[in-house]
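Peer 1: This is what each chain is made of:
There are 2 protein chains.
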Amino acid sequence: MAKSTHQTKPCADGFCFLAGLFFGLFCFWSLTLYHYKPHFGFIPFSAKASDYGAEAPILHSDPPHETFYDDPELSYFIEKPVNNWDQKRHVWLDLHPSFTAGSRDRVLLVTGSQPSVCKNPIGDHLLLRFFKNKVDYCRLHGHDIFYNDAYLHPKMDSYWAKLPIIRAAMLAHPEAEWIWWMDSDAVFTDMEFKVPLGRYKDHNLVVHGWPNMVYEEKNKSWTGLNAGVLLIRNCQWSMDLIDVWVSMGPLSPDFERWGQILTSVFKDKLFSVSDDQSSLIYLLFTNKEKWGDKTYLEGEYNLEGYWLALVGKYDTLAESYIKMERNEGVLRRRHAEKVNDWYAAEREKYLQGHERRPFVTHFTGCQPCSGEHNPQYSADSCWNEMKRALNYADNQVLKNYGFVHPELSSSEVSVVI
Amino acid sequence: MAKSTHQTKPCADGFCFLAGLFFGLFCFWSLTLYHYKPHFGFIPFSAKASDYGAEAPILHSDPPHETFYDDPELSYFIEKPVNNWDQKRHVWLDLHPSFTAGSRDRVLLVTGSQPSVCKNPIGDHLLLRFFKNKVDYCRLHGHDIFYNDAYLHPKMDSYWAKLPIIRAAMLAHPEAEWIWWMDSDAVFTDMEFKVPLGRYKDHNLVVHGWPNMVYEEKNKSWTGLNAGVLLIRNCQWSMDLIDVWVSMGPLSPDFERWGQILTSVFKDKLFSVSDDQSSLIYLLFTNKEKWGDKTYLEGEYNLEGYWLALVGKYDTLAESYIKMERNEGVLRRRHAEKVNDWYAAEREKYLQGHERRPFVTHFTGCQPCSGEHNPQYSADSCWNEMKRALNYADNQVLKNYGFVHPELSSSEVSVVI
Chain Z
3 MAKSTHQTKP CADGFCFLAG LFFGLFCFWS LTLYHYKPHF GFIPFSAKAS DYGAEAPILH
63 SDPPHETFYD DPELSYFIEK PVNNWDQKRH VWLDLHPSFT AGSRDRVLLV TGSQPSVCKN
123 PIGDHLLLRF FKNKVDYCRL HGHDIFYNDA YLHPKMDSYW AKLPIIRAAM LAHPEAEWIW
183 WMDSDAVFTD MEFKVPLGRY KDHNLVVHGW PNMVYEEKNK SWTGLNAGVL LIRNCQWSMD
243 LIDVWVSMGP LSPDFERWGQ ILTSVFKDKL FSVSDDQSSL IYLLFTNKEK WGDKTYLEGE
303 YNLEGYWLAL VGKYDTLAES YIKMERNEGV LRRRHAEKVN DWYAAEREKY LQGHERRPFV
363 THFTGCQPCS GEHNPQYSAD SCWNEMKRAL NYADNQVLKN YGFVHPELSS SEVSVVI
Chain L
3 MAKSTHQTKP CADGFCFLAG LFFGLFCFWS LTLYHYKPHF GFIPFSAKAS DYGAEAPILH
63 SDPPHETFYD DPELSYFIEK PVNNWDQKRH VWLDLHPSFT AGSRDRVLLV TGSQPSVCKN
123 PIGDHLLLRF FKNKVDYCRL HGHDIFYNDA YLHPKMDSYW AKLPIIRAAM LAHPEAEWIW
183 WMDSDAVFTD MEFKVPLGRY KDHNLVVHGW PNMVYEEKNK SWTGLNAGVL LIRNCQWSMD
243 LIDVWVSMGP LSPDFERWGQ ILTSVFKDKL FSVSDDQSSL IYLLFTNKEK WGDKTYLEGE
303 YNLEGYWLAL VGKYDTLAES YIKMERNEGV LRRRHAEKVN DWYAAEREKY LQGHERRPFV
363 THFTGCQPCS GEHNPQYSAD SCWNEMKRAL NYADNQVLKN YGFVHPELSS SEVSVVI
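Here the protein sequences line up with chains Z and L, keeping their order.
Oh and the first sequence: position 287 is 289 in the numbering used here, straight run, nothing missing.
Oh and the second sequence: position 243 is 245 in the numbering used here, straight run, nothing missing.
Incorrect hints may have been included.
Put simply, identical chains are the same to the list, so a pair is met inside one copy or across any two.
[Stated by the list, open to error] Below are the DSS-like pairs computed for lysine-lysine, each with C-alpha atoms no more than 27 Å apart in a straight line:
# : residue 1 : residue 2
1 : LYS203    : LYS90
2 : LYS389    : LYS157
3 : LYS121    : LYS389
4 : LYS271    : LYS121
5 : LYS296    : LYS271
6 : LYS220    : LYS269
In case anyone wonders, no lab produced these hints; they're calculated from the structure.
Next comes chain Z alone, as it looks inside the complex (with noise of 0.2 Å):
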């Protein structure tokens, strides 16, 4: 059955009795679903779209032996764990073999943003925006993206909305060996860079990261990480992990708790309500064994970097890139979008000794949807920065279609003739 989490509020148009309606089915079908086994006499193994619908091949059957989306105990639902997933996974990818090539390295960028309009006027055009750059990276690099715009628990806001659509995503891709979290306020501005991900093979969860200040009792700091963005792999140890953390959550009668003590082990930390960042922290030194040993604490390349720290070097780095391409002509070479991980590629040769584009802009503390940037900042430098991270980064994308930003101020284009 459905459990309904959404609030009640008085029906102010004229839906409610179709909204009824409906939902009393979605109850209904939920109930139903419930109860469901696969029918093997049933479920074909090819199907044949009619010629009204598909017409290419169905690539993807899901055969009808039964995998861990027939139990009807599995729920996506946040407060339910999830046990054995390394096995049911297991099965899943056994059973769909096409899955097969390229599984182990095989990544679902998962972000989002708040359901409701920005307070801040220019909020949700800067979100559109930070989108469409994720939506490029990922095009360019093959990976799939779902953006997510609902809350998947109403306790689960802000900053902690993020677990309850990284274990759904889980559930949803048993083919993604990734799920990578990636803040709605972080801009690639390399879209040439791919994770290291071999680099990972013996962890489950990488995050920026400094390991002084996770483990180190003098140096301890809320901001030895930053939980904005994270590869966290698609296993039963990120399962567990999801379950510790969230009960330092606001949906644990503990929340209030573990904000007091998430304040007085973080001398650095100036507001006392438990969030996800020091959690994950406290989690990794508290228990290293389990936790601090299968995280990688990145630190070599910006896997997120501080905007204040690297928006002042786009222009220079723009510069030695184009000097690079005029010296190397194999890097300045017109080409389809579809073959830039091969210049990408061929570009590592001549990197040596440069210095890179960073790899992820984070617009920590800038908060562009409330607004309610940290007051060490202007609201103008937010924005304008932003504006250049995003033009920045777009004029790698543009330049595969003919077209440059000449000025990363501004979003009008030059063409290339």
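With the hints as your guide, set chain L onto chain Z.
Peer 2: Relative to chain Z, chain L alone:
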């Protein structure tokens, strides 16, 4: 050399120098690009990425043989024609055999919006959700999607903006057989439906339309087809069509005259400016042999459907589809999002005799970004129905993540447990 198409404006911040430097270097880069010839001894056939960068195999290498990209005469600029495109594209495809599989049905969806913030306070929020909807559809069907938010020619704005974007996308994506343009205010409201490309094998352009209103003198109307959603084949015919189409638009010295001609031809056209839709219809009937015979006017399903005729059906259709799922167990089986296509094909068997979900609901006349909607609708009806359409579509996606909007008018969700 780069031809600047942006307007000069005062340099209000401190970036003038670096911007100038960047632009200068860009010009130089463009200039050197102009003279670049492939260097056969230099470009390797396979690239080995360093440990720092790409680790995945580089699938799509770009062999050193000369292609149209190496032709200094090639320009992405809308004002410069491309000749022999079929042959050029064919040579490129021959040199890139990894794109052979599925090449006849490969689709790139292209959409976009204006570069600046919307005047309508909820405009950008709606655009963000419209874009999410398209990304969802493309993820479910394996299409690439490109969102463009720059005017590729400053005079080609509003409804003319799509032509330079489509043309640039054709050149940047020789691997794509079809470019699918979709206006920002069109919503996929059947996430399962696949466009029957096989039906269009003898055509190069597909738009929703009615032959009698395009070709018959007495019924001729500027709404005889809708140019907001179109499929255009990546071929010389389409290049030629775009050239002649553009010659009726704002880049033409005859732009004003075309406005007069179109207004006199279409008695129901109430504005005197030449627009892309009337121009296309004019081309189809004045040269039916060349343009009309290769254009498929689709009317059998909602390649784009008028919102006022469709939004009232969502609740009844949701109910009917849920009934269908209740009766046919396979349709309500939970599954991975990646195998959705297979379930969509299954549903085709049960859709005979049922009314289908509208494939695309197009909010023609609502103008979500400017807010300057047709006065025959209220602003609230436009924005509220957009939200309902988006939630109706989102339910078809969220279901795979275990959630649903029980009320179409609300973003709140419930979980299926």
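Peer 1: For each hint, tell me whether it holds in the structure or not.
Peer 2: Each hint tested on the structure:
In the homo-oligomer, the alpha carbons of LYS203 and LYS90 lie at most 27 Å apart inside one protomer (20 Å), although the nearest pairing across protomers, at 43 Å, exceeds that limit. Proximity of LYS389 and LYS157 under a CA criterion of 27 Å is satisfied inter-copy only: 23 Å between copies versus 32 Å inside one chain copy. Taking the closest pair of Cα atoms, LYS121 and LYS389 come within 27 Å of each other both inside a single copy (18 Å) and across two copies (18 Å). For the homomeric pair LYS271 and LYS121, the shortest alpha-carbon distance inside one copy (26 Å) is at most 27 Å, but the shortest distance between copies (39 Å) is not.
In this homomeric assembly, LYS296 and LYS271 come within 27 Å of each other (Cα to Cα) only inside a single copy, at 25 Å, whereas the closest approach across copies is 66 Å. Proximity of LYS220 to LYS269 under the C-alpha cut-off of 27 Å is restricted to the intra-copy arrangement: shortest distance 10 Å within a copy versus 80 Å between copies.
When held up to the earlier numbered hints, the structure conflicts with none and fits them all.
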